[in-house]
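*Asks:* Residues per chain, in single letters:
There are 2 protein chains.
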Amino acid sequence: MQNQALTYARDHREQYLNDLCEYIAIPSISAMPEHAADVRRAGEWLRDHFIALGLQSWLIESPIGGNAAVYAEWKHPQPDKPTVLIYGHYDVQPADPLDLWQSPPFSASVRDGYIYARGADDNKGQHMSHVKAIESYLKASGSLPCNVKFIVEGEEEVGGETLPLLIESHQDLLACDVVMVSDGGLLALDQPSLEYGLRGLVYFEVEARAANRDMHSGIYGGNVQNPAMALAQILAQLKDNTGRILVDGFYEDVRVMDADERAELARVPLTEATILSETGALKTFGEPEFTVVERMGARPTLEINGLWSGYTGAGQKTVLPAIANAKISCRLVPNQDPAKIFAQVRDHMQRLAGPEIKLSFKTMGDGAFATLIDRNSPQLRAAARAAEATYGNRPVYSLSGGSIPVVNEFKRILNQPVVLLGFGLNNDNIHAPNERYALACYEKGTEASIRFLAELVA
Amino acid sequence: MQNQALTYARDHREQYLNDLCEYIAIPSISAMPEHAADVRRAGEWLRDHFIALGLQSWLIESPIGGNAAVYAEWKHPQPDKPTVLIYGHYDVQPADPLDLWQSPPFSASVRDGYIYARGADDNKGQHMSHVKAIESYLKASGSLPCNVKFIVEGEEEVGGETLPLLIESHQDLLACDVVMVSDGGLLALDQPSLEYGLRGLVYFEVEARAANRDMHSGIYGGNVQNPAMALAQILAQLKDNTGRILVDGFYEDVRVMDADERAELARVPLTEATILSETGALKTFGEPEFTVVERMGARPTLEINGLWSGYTGAGQKTVLPAIANAKISCRLVPNQDPAKIFAQVRDHMQRLAGPEIKLSFKTMGDGAFATLIDRNSPQLRAAARAAEATYGNRPVYSLSGGSIPVVNEFKRILNQPVVLLGFGLNNDNIHAPNERYALACYEKGTEASIRFLAELVA
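Sequence order for the protein chains is A and B.
Using numbering that gives the first Met the number 0, the first residue of the first sequence is number 0, and each one after it goes up by one.
Using numbering that gives the first Met the number 0, the first residue of the second sequence is number 0, and each one after it goes up by one.
Watch out, some of these pointers could steer you wrong.
Because identical chains cannot be distinguished in the list, a pair is counted as satisfied if it fits within a single copy or across any two copies.
[As the list claims (entries may be wrong)] The calculated SDA-like cross-link candidates involving lysine to any residue, where the alpha carbons are at most 20 Å apart (straight line), are:
hint, residue 1, residue 2
1, 316, 158
2, 80, 163
3, 357, 53
4, 357, 239
5, 316, 101
6, 361, 168
In case anyone wonders, no lab produced these hints; they're calculated from the structure.
The structure presented is a predicted model; accordingly, all values stated were derived computationally and were not measured.
Whole structure, please, built from the sequences with the hints as guidance.
*Replies:* Given below as structure tokens:
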């Protein structure tokens, strides 16, 4: 059945490309209210496409006035087979600055082996590979190797709040054995990657207050504490000069990697040179006993994301500010509790503050635990076999340094492993002008999806 | 002659008040282009007033398109007598917020012993006391005890660049033995104050750069130095937790006060309690071996005036910033060289910066040396006698924590002592709604000026 599907997919490349181009042409920019009708139209287009393929599909409306999600499932459940829930998003980023595009962002231009368009990779191209895998099976053999469900949301690019509510309220509908998320990338066309962990996050703001009004530095300078200096001195003591975080207890729950995991991570082709060339940093900086790959995915961070005090305009103003503020976030690794970490950092900072300074703290958002998926689970093994067969090499297992909130929600609410197998390339310019998706990525993504469904029951 | 002048002044209180009210009614707001004609009109009014009193007076036009200064001198030079140059400014601050004024800002309202109007104290009222002192002498006895010149500028409230140029280009015209500046205040109606020093200033901006673009804290956090943290750590090391500045060599040129001067400064009625009530600070903070008065006027400072990095808007953005910035200024005391201090702070910060950070510095303005006037010079002694006779108490000698650039310019270019004897009160709401000037301040200011001119030749 798998081979028939693969053959069918190869034979229908052109049609599959045309379908994707039609889908991409809908400017479903969720951030721009003037495109609300286009966003809706993209969801309806996908729903109708599912129906045309023989799936049951409908829009699940947002209970909070957001964008609907497209749900689809094959009409013929096979109770003895596992169920995969495939996730994607049909909304896209805005296209501006428009003048940097070499072809219009919403009329897919195919050249040099790439489809150039907003959404080509992120995420229409990637989830269409899965759609086309289903089409290939159904058209070639009238059946699927396992049960398949789709949930494709329309608010990913605006950090929408609809999907978590829908997952919570549709747990029976979305019940599955594994969630497949294709929202990442290949390391190269012949090197797949499986992300088995995401860092969590806690984010807060601190205000350091020294007085109840801004002061004249000539009159009060030398007699009143400067909150910007006090805050600098407190912040300075949160990290040592190797990058190690000095907050009491900060590392106590951090998961220790075994030698096997560190050996796997050593395969990730991220080097100091990569980081330097991508960022223009003068030098890398971080805990010396860990590799850059480990620091990115397996070690927690504490970063100042924003800092402000006093006068920040042009020229000089000799103000002695009343307050200074910082935004601080910690990326968390498995077992670290965002609420506990926040309390530890807050208490540590309070201990460092002198009697001249009043610190106030405000957390932003709920925080998120890190996510870790067992590399040896049957679902990840199935994905690894499918990827190796498709791309020619065993996947690299990596830990993402970032957070994908929806992955946490799937894991938390549905309580099943999430496979993060991306089909795009890192240089696809997502969120930037001239976004693109290689035709080869689209086709191999479809093949990888075909193989994954078969491997799940192998 | 002095007594006749004093008597004349007392007998013509009402006329002197009317003249001031007429002058105040001209809304000479230098910061507002729509008041340019009013600014000009105020200068012309003052010129005509001088001429009516029998002085020679004319406008000195700005060579750079700014506001003219009013110059005046008595027509009958007495070559054997000293010459006093009296400084003032005829421009005023804007009056907004207008709705907080209890009477219109530009029609002087006299009530409860005060003239309420913008410019009543700062500075029309104060320099009119000197004008009326001259009028009293000339009307009462047709002569002056010494030579008198006036220079009254029209750009003080906008930090104008005209006056320094005029002083530089009119050194012969402005040649004098002492400059009298009335732009400060009495401590109370019976307690005059003589400021004998002003702090200098050096102001600069520093940029700490770690990368050539803002980064995603999930991807690069833990592997690249955060410039906000690096800058915090550098700034933190510029001061210890008692407020002492740790920059190498920072204090090496600081003038050491003798016991006599410290005893005089101990008379200044500034206490920790005053500072706490004026600022709402939780606690005072500064070098423990100095009093609050000494810290304000006789000790240099290093203050962060502005600090900014990364995302400072509402909510959360997990950015790892590329750069962090600070504005820093040092108030300087006599003998400290602004250029040398800047170089010391810059070099100290450069030594503290790790190899991951590139610091760039930019000075703002030219910096200013502190000004110190010999308390025992004949001119200050004359002012002290005049003040004691007028207000009933020996003046308190104080050091200003701030800087008055024009005082530096007078001292530097004309190379003569500057007497800072203010006639207003600290609660006169200058630069704020309901600015006022006590009638008693106006009258006693006139008497103090009459006595000062006599004491200069005593």
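*Asks:* 20 Å Cα cut-off: does residue 361 pair with residue 168 within a copy, between copies, both or neither?
*Replies:* Close neither inside one copy (30 Å) nor across copies (58 Å); limit 20 Å.
*Asks:* From the Cα coordinates, with 20 Å as the cut-off, is the pair residue 316 and residue 158 best called within, between, both, or neither?
*Replies:* between (39 Å within a copy, 12 Å between copies)
*Asks:* Go through the copies and call it for residue 80 and residue 163: within, between, both or neither, with a Cα cutoff of 20 Å.
*Replies:* neither (26 Å within a copy, 89 Å between copies)
*Asks:* Up to 20 Å between alpha-carbons, please classify residue 357 paired with residue 53: within, between, both or neither.
*Replies:* neither (64 Å within a copy, 61 Å between copies)
*Asks:* Between residue 357 and residue 239, at a C-alpha cutoff of 20 Å, which is it: within one copy, between copies, both, or neither?
*Replies:* between (24 Å within a copy, 19 Å between copies)
*Asks:* Have a look at residue 316 and residue 101 and pick one of within, between, both or neither, based on CA distance no larger than 20 Å.
*Replies:* neither (45 Å within a copy, 30 Å between copies)
When held up to the earlier numbered hints, the structure conflicts with 2, 3, 5, 6 and fits the remainder.
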